[in-house]
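Based on the provided sequences and hints, a complete structural model is requested.
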Amino acid sequence: MITQAIFIIVSLFTLVTALLVVRHPNLFSSALYLVASFFGVASLYVLLEADFLAVVQVMVYIGAISILIIFAIMLSKGMMGKHTSPHNQQDRWVALAGLLLAIILLYFLVALVQWPTTPVGPVPANAIQLLGQDLVGRFVMPFEIASVLLLAALIGAIAIAREREI
Amino acid sequence: MLKQFGFLGVHAIIALSVPLLGIVAAWLLRPKKPYPLKKTTYECGMETIGDTWVQFKAQYYLFALIFVLFDVEAVFLFPWAVAYNKLTLFGLVEGILFVLILFAGLIYAWKRNALEWQ
Chain A
1 MITQAIFIIV SLFTLVTALL VVRHPNLFSS ALYLVASFFG VASLYVLLEA
51 DFLAVVQVMV YIGAISILII FAIMLSKGMM GKHTSPHNQQ DRWVALAGLL
101 LAIILLYFLV ALVQWPTTPV GPVPANAIQL LGQDLVGRFV MPFEIASVLL
151 LAALIGAIAI AREREI
Chain D
1 MLKQFGFLGV HAIIALSVPL LGIVAAWLLR PKKPYPLKKT TYECGMETIG
51 DTWVQFKAQY YLFALIFVLF DVEAVFLFPW AVAYNKLTLF GLVEGILFVL
101 ILFAGLIYAW KRNALEWQ
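Chains A and D, in that order, are what the protein sequence lines are.
Take this note's numbering: the last position of the first sequence gets the number 166, and nothing is skipped along the way.
Take this note's numbering: the last position of the second sequence gets the number 118, and nothing is skipped along the way.
Keep in mind that the hints are not guaranteed to be accurate.
From the structure, some residues in chain D lie toward chain A, with a derived Cβ separation under 7 angstroms [said to hold, decoys possible]: (1) 58; (2) 60; (3) 67; (4) 69; (5) 73; (6) 79; (7) 80; (8) 83; (9) 86; (10) 94; (11) 108; (12) 111.
Calculated directly from the structure, the hints in this document are not laboratory data.
By construction, the Cβ of each residue, glycine as well, lies at the ideal position given by its N, Cα and C atoms.
Take a look at the structure:
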């Protein structure tokens, strides 16, 4: 009962801040509302008892990706005025199209897909430890490939940023 | 598990309400007599020179990008470190290999002077 109340509050918070990200006239404020929205999503993960995902959400999205977005805004010239967020003149039609798409997608997801309804049981207390063991056990190839992927992204980022010096 | 996060939620609410209480109390108690000089922007008691919003150097973006990549690496290493006591030698070596592959990336960034301030 309390969990449900917290869920409703957290979802409302996430939705309102997400709407403000889109609607706020100042781009920098939009970025800050995005951080708040990420916090809401992290709280939703906590309510689902996916605490590792919540930690990842806080570390990667709030800690790193929002910093990247804020830097990108502060790097761009002419982004510091009062009304910096590009305004869409067709926003009513976009809202209508978005609503229609949401209704169609929800119809397909809720009515047509047979979701498994049996409870999967409680989350084990040592879930993160089991995940760690599986990362270097059963899923060792994806784990190492992730490392190579990160290396490729790092080299790619530096190569693009330092293109002129080659 | 949810109960432990409940404590975190209570802490968050207290942490948010302390500065909010201060701001609201100041807003209620202070006299409101604004005049043009009072509303000007200042910095450490001095008048600001130029615009308060300055354009940042593009170098910051490269640092942020590298930071994101190593942050994701830390996320992968976190469960590995939690399971450290239960790992086989193979698992331990695989984790070290993961770090070594990304260490090559750090050396590359170093060699290309991506870590230097210009």
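Status of the hints after comparison with the structure:
1. 58: This hint holds: residue 58 (chain D) lies near chain A, its Cβ roughly 6 angstroms from the closest one there, short of 7 angstroms.
2. 60: holds, 5 angstroms
3. 67: Status holds, d = 6 angstroms.
4. 69: holds, 5 angstroms
5. 73: holds, 6 angstroms
6. 79: holds, 3 angstroms
7. 80: It holds, given that the least Cβ distance between residue 80 (chain D) and chain A is near 5 angstroms, below 7 angstroms.
8. 83: holds, 3 angstroms
9. 86: Because about 6 angstroms separates residue 86 (chain D) from the closest Cβ in chain A, which is inside the 7 angstroms limit, the hint holds.
10. 94: holds, 4 angstroms
11. 108: holds, 6 angstroms
12. 111: Nearest chain A Cβ about 10 angstroms off; hint violated.
In this structure, only the earlier hint numbered 12 is contradicted, and the remaining ones agree with it.
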